[in-house]
Amino acid sequence: MKQKSNVEALLVQEVAIMLNIPTSDISVDKPLHELGIDSLSFIELLVIIEKNFNVNLSESGITAEDFQSIRKLASHIEKIKQE
Amino acid sequence: MDSSTCYPLSGIDWIIHAFDHITRQATGIGNKSQVVLEIDGILPIDELTNHLRAFIKKHPIVHGFSARGLNLKPCWRIPIREYSGSVTCDALHVDGGTEAILSLLSDSLNKPFHSKRVHLAFRIVSNGSKSFLAMTFDHRLFDARGAELFLNLFHDELCTGKLASHDWQDFHLPHRFGLHEKVIALWALGGSLKPLADIGSPIGFPISGIRGNSRFVFKKISFDEQQSFTILSRSCDKAGYLMLMPYLLAVSTHCMHRIFEARDLNKGYYLIPVTIDMRKSKTDRNNIFFNHTSFLLFHIQPNEADSLETLVAVIKRQFYKYIKSEFHQNLCKASYLCQYMPLFMLDKMINMWSRNKIGSFCFSYLGESACSEARFMNCNVRNLFHMPRLPVPPGIGIFFNHFRNRINTFISCLDGILSEEEMTRLTHDLTALLS
Chain A
1 MKQKSNVEAL
11 LVQEVAIMLN
21 IPTSDISVDK
31 PLHELGIDSL
41 SFIELLVIIE
51 KNFNVNLSES
61 GITAEDFQSI
71 RKLASHIEKI
81 KQE
Chain B
1 MDSSTCYPLS
11 GIDWIIHAFD
21 HITRQATGIG
31 NKSQVVLEID
41 GILPIDELTN
51 HLRAFIKKHP
61 IVHGFSARGL
71 NLKPCWRIPI
81 REYSGSVTCD
91 ALHVDGGTEA
101 ILSLLSDSLN
111 KPFHSKRVHL
121 AFRIVSNGSK
131 SFLAMTFDHR
141 LFDARGAELF
151 LNLFHDELCT
161 GKLASHDWQD
171 FHLPHRFGLH
181 EKVIALWALG
191 GSLKPLADIG
201 SPIGFPISGI
211 RGNSRFVFKK
221 ISFDEQQSFT
231 ILSRSCDKAG
241 YLMLMPYLLA
251 VSTHCMHRIF
261 EARDLNKGYY
271 LIPVTIDMRK
281 SKTDRNNIFF
291 NHTSFLLFHI
301 QPNEADSLET
311 LVAVIKRQFY
321 KYIKSEFHQN
331 LCKASYLCQY
341 MPLFMLDKMI
351 NMWSRNKIGS
361 FCFSYLGESA
371 CSEARFMNCN
381 VRNLFHMPRL
391 PVPPGIGIFF
401 NHFRNRINTF
411 ISCLDGILSE
421 EEMTRLTHDL
431 TALLS
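Sequence lines, in order, name chains A and B.
Under our numbering, the first residue of the first sequence carries the number 1, and numbering increases by one thereafter.
Under our numbering, the first residue of the second sequence carries the number 1, and numbering increases by one thereafter.
Okay, chain A solo, but in the shape it has when bound:
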């Protein structure tokens, strides 16, 4: 559980840097597009995730559902890290 929140925290931090907004403005349950993420920042986020967590998202069976919010994305990353 603690590690899960670490993944979430790191994603929140990265999104905040990417969008130049305070971490407190980021809701982990909000859809990514509502946070202001576009195609470019989305790909940047994927690259950051792959570098930081050493995972290959495209081969991990990730679905559109997993990208719906930071919480869901963090949960998927956590799952593939455990596999």
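Simulated from the structure, these hints should not be mistaken for lab results.
In this text the structure is predicted, and so the values were computed from the model without any measurement.
A few of these clues could be false.
As the list claims (entries may be wrong) - Chain B is nowhere near these chain A residues, computed Cβ spacing over 10 Å in every case:
hint, residue
1, L10
2, E59
3, S60
4, I80
5, K81
6, E83
Claimed, not checked - Where chain A lies over chain B, by a calculated footprint (3+ residues, C-beta under 8 Å):
hint, segment
7, 238-250
8, 280-291
9, 314-326
Beta carbons: idealized from backbone N, C-alpha and C, even for Gly.
For this one, chain A is given, so just place chain B on it according to the hints.
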């Protein structure tokens, strides 16, 4: 020389200056663009022009010009004293619909600025029920997002009634990179671009016969909220979540491919420079002026453009690869190495590298507008769109922006590159594929 101060330009700014120079050589007019607010009702012309003049007076930066600083790097000289050359603001009435209005708006865009120190012009066109406020701007002063932010600043000052002085010293200075960092970036760029050198020449429309022509023609395709929602949903289905830009690029490439193919222009590959906004925040007012953009260079084989599905996959793969290799950031860093080059030399280098074809066509998806106010001087704002002139070559491009749940498409083309029939076909294909 009058008293002035200097703002350092970035490497990308110098590349944009080179595009301006290339376009000036080819068409007699530099690289300029227009952002247009479409408004329901009639704007109070006198009040608006007075406000605009007062606003412009507070921003001497718009009367600057590029020069070399003491360190020989390019900079923007900003007059300290007020410059007498005024920004024009004309008002016209037209009896007609959108086509007639677009034609008047194109006219102002297709004319050069009246002095070296003028980089902005305003035009208000009204047809009795609607008004269009157009701001024509020099790309050496603003990129498209910057122009929206400048209009937004003007709008805020109109609403609050206060003319806040926006000191240029508050603006963010271009990031400084060490020589080592720039060289490493150039080396990485070389690695990313090497495959392009091995696959032949970019396909492009011949422009030799129309060199010297300065007139650009425009076609506007507006989608209503429902159609825009359909485009968004379709992009999710066909390209994936948040993949609207790659989807729009795929659709544009597919439609352009049909035109190239009908002309038998199929030897080589499509090279599509895509402009991307490097601002972290879309509303960052410290980055209004100059260029905060970079480019991604998509390369597509004609046979890959036959199928939209294949195109989407190829574009997504290249998009990911470019971002992973930090191509866009490396381009920004490496471009500083060009700053000492005179523009004519930089033009030659760009043309030599691209074999006289900077691209097959240009593309950009600007995203949600930074200027999304619903009201302007007590009138409803119906739409906001961009009409860009482009570097020649390629002299043709497809542009998208998003304004309050509506997607706008603009085809911009140097007159003569496409026949009327081809322009109609391109407009029809884009509309049919998207909506």
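Taking beta carbons only, do three or more residues of the segment 314-326 of chain B come closer than 8 Å to chain A?
Check passed, 4 qualifying residues.
Cβ separation check - E59 (chain A) to all of chain B, threshold 10 Å
holds (13 Å)
Beyond 10 Å on every Cβ pair: is that true for E83 (chain A) relative to chain B?
About 22 Å separates E83 (chain A) from the closest Cβ of chain B, which puts it past 10 Å; holds.
In terms of Cβ atoms, is chain B entirely out of 10 Å range of L10 (chain A)?
Nearest chain B Cβ is 18 Å from L10 (chain A), so the label holds.
Minimum Cβ separation between S60 (chain A) and chain B greater than 10 Å?
With a cut-off of 10 Å, S60 (chain A) remains clear of chain B, as the shortest Cβ separation is near 14 Å.
Report holds if the minimum CB distance from I80 (chain A) to chain B is greater than 10 Å, and violated otherwise.
holds (18 Å)
If you look at each residue in the segment 238-250 of chain B, do at least three have a Cβ nearer than 8 Å to any Cβ of chain A?
It holds, with 7 qualifying residues against the three required.
Count the residues of the segment 280-291 of chain B whose CB lies closer than 8 Å to any CB of chain A, then report whether that count reaches three.
holds (count 4)
Say whether it holds or is violated: K81 (chain A) keeps its Cβ farther than 10 Å from all Cβ of chain B.
For K81 (chain A), whose nearest Cβ neighbour in chain B is about 20 Å away, the distance exceeds 10 Å, so it holds.
In this structure, every one of the numbered hints holds.
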